[in-house]
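2 protein chains.
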Amino acid sequence: MKHIALVGLGVIGGTFAKAIDAHMPNTFKVTAIDKNEETLARAKEDGVIQHGEVTNQTILQDADLVIISLYPKVLKTFLETHAQDFKPGAIVTETSGIKQTMLDFIAPHIPSHVDFIFGHPMAGREKQGYNYADAAVFNKANYLITPTELNDRKNIEEFTNFLKSIGFGRVSEVTPRMHDTMIGYTSQLTHAIAVALMNSDDTSRETYKYVGDSFRDLTRIANINEYLWTELFLENKEALLESFDTFEAEMQRLKTAIQNDEVENMYDIFRQSSERRLAFEKSDSKRKD
Amino acid sequence: MKHIALVGLGVIGGTFAKAIDAHMPNTFKVTAIDKNEETLARAKEDGVIQHGEVTNQTILQDADLVIISLYPKVLKTFLETHAQDFKPGAIVTETSGIKQTMLDFIAPHIPSHVDFIFGHPMAGREKQGYNYADAAVFNKANYLITPTELNDRKNIEEFTNFLKSIGFGRVSEVTPRMHDTMIGYTSQLTHAIAVALMNSDDTSRETYKYVGDSFRDLTRIANINEYLWTELFLENKEALLESFDTFEAEMQRLKTAIQNDEVENMYDIFRQSSERRLAFEKSDSKRKD
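Read top to bottom, the protein sequences are chains A and B. Be aware that the first sequence starts at 1, since it is given in UniProt numbering, and climbs by one per residue. Be aware that the second sequence starts at 1, since it is given in UniProt numbering, and climbs by one per residue.
There's no promise every hint is true.
No copy labels: a pair is met if it fits in one copy or bridges any two.
Unchecked claim - Computed list of lysine to aspartate or glutamate pairs in DMTMM-like fashion (alpha-carbon distance at most 20 Å, straight line):
1) Lys-73 with Glu-226
2) Lys-29 with Asp-46
3) Lys-73 with Glu-157
4) Lys-237 with Asp-261
5) Lys-237 with Glu-248
6) Lys-127 with Asp-217
The set of hints was computed from the structure by calculation and includes no laboratory data. Given the structure is predicted, the values throughout are model-derived calculations rather than measurements.
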């Protein structure tokens, strides 16, 4: 029986544990390393891991697949410390939200006896911690893999199949640079917008009386993990700031049209966004579970 | 049996018809006026109206409650044409997304023999038309009423009770000015943001591969009815542009922090938005159905 080790049992690692249990029960030996003993106990109680360690004792030496879901900086330290502990031939993967800087930093530390795959599940939650992990979050979700020239093709295919078998809908291989550019737009800019929208309220008002789902949807991710997202934003500063600029230009375009009562121009802007959203929905709906 | 007439059987009027049928079947006589004969036939087939007219023949003269869900400009024409057709003592209400300019325009045309209530259901859909009407959309939703000094208190209470009985969770009475200021922020700015976010994409990219729910949620309303929203934006220009400015200032605050690696400042910004969103969720969750 293959052994899967989860390093970090927060909301992402925890979701891996629960998704493996939900989709492929009794198929793997599943273990976890997490600094929080209570989390490990809870996951054992839930039956989603068989064994846990607060710091690695025996797990890394035995695991065939190691999924590391730690904050970028913690991940770097973990790899430096444990580079030699992995089992020869193991697949080791990380799940962080930025890729180029991770790759630059990690590449020199990758031990030659493992195959290190960089990946990113496009499925998060605004809440943090194992208790908010929910297997359903991975269902039909996108997963991005940024292969390096060191990766064994067979391992990437095996990992891709594993991801699909635990619920992911589409697994795409992209370059680290493209990953970061796109994530700066689809994920980081959207979080920045939600934060700014929430913070631009005047708290003396009873805003909750005046809202529909639009406001609820657009501010959901304003509840944000400040440590994680500060790291992600700063590690992807260039791409993110470019997204800011493009977005601001579009806001300005609409604002000018409103200021000058440019009705036809407003129709064009709204038609453009509607067409784009419909085209996006069409492509997005082709994810399979 | 009381007679409720729905003028305009688009997505809002249609939702009223379906919500009345879902929550209080066989309680009212329900009729509709809509320029589209097929829509009327469909609603009759669905059993949510008993009778329809393409232009008013007998409906307005008999209805005790008239709910008008037309575009602002069409609504104005409708009222000018039909001011004298309403039944004496009827409650007439409209559902448009702006209030001060509607009130300014409509007030002189309100016939003295009806009680005209200005209201706004905070529950829309990005899709238009009767076919997308869904009673569930009103469930637990907010409703805003902007009373005038001409309204009979008893009628406002009766209408409020009716709204709660067809699913609305919270019915608030506010001033037209406050309504428009808040809607400029909670609804119009959010739509503007979604439109700008969608339009700031580079369509040569396969964006659908790189998205999670954040992007899906933030762009849902980028699919927008260009005629309706152009009217709404321009009729509420001042409040909307103020919201743009406040939002832009918050985007700039975050951008500057990122540019200068101001980690503590970023933590503060994210903590502020998280606290605000959590406080908002707490108040918002108190809607009853």
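Here's how the hints hold up against the structure:
Taking the shortest Cα distances, Lys-73 and Glu-226 sit within 20 Å of each other inside one copy (14 Å), while across copies they are farther apart (46 Å). Proximity of Lys-29 and Asp-46 under a CA criterion of 20 Å is satisfied intra-copy only: 15 Å inside one chain copy versus 54 Å between copies. Taking the closest pair of Cα atoms, Lys-73 and Glu-157 never come within 20 Å of each other, the shortest separation being 28 Å inside a single copy and 58 Å across copies. In this assembly of identical chains, Lys-237 and Asp-261 lie within 20 Å of each other by CA distance solely across copies; the values are 9 Å between and 36 Å within a copy.
For a Cα distance limit of 20 Å, the shortest separation of Lys-237 from Glu-248 qualifies both inside one copy, at 16 Å, and across copies, at 19 Å. Taking CA atoms no more than 20 Å apart as the test, Lys-127 paired with Asp-217 passes in both settings, with 15 Å inside one copy and 16 Å between copies.
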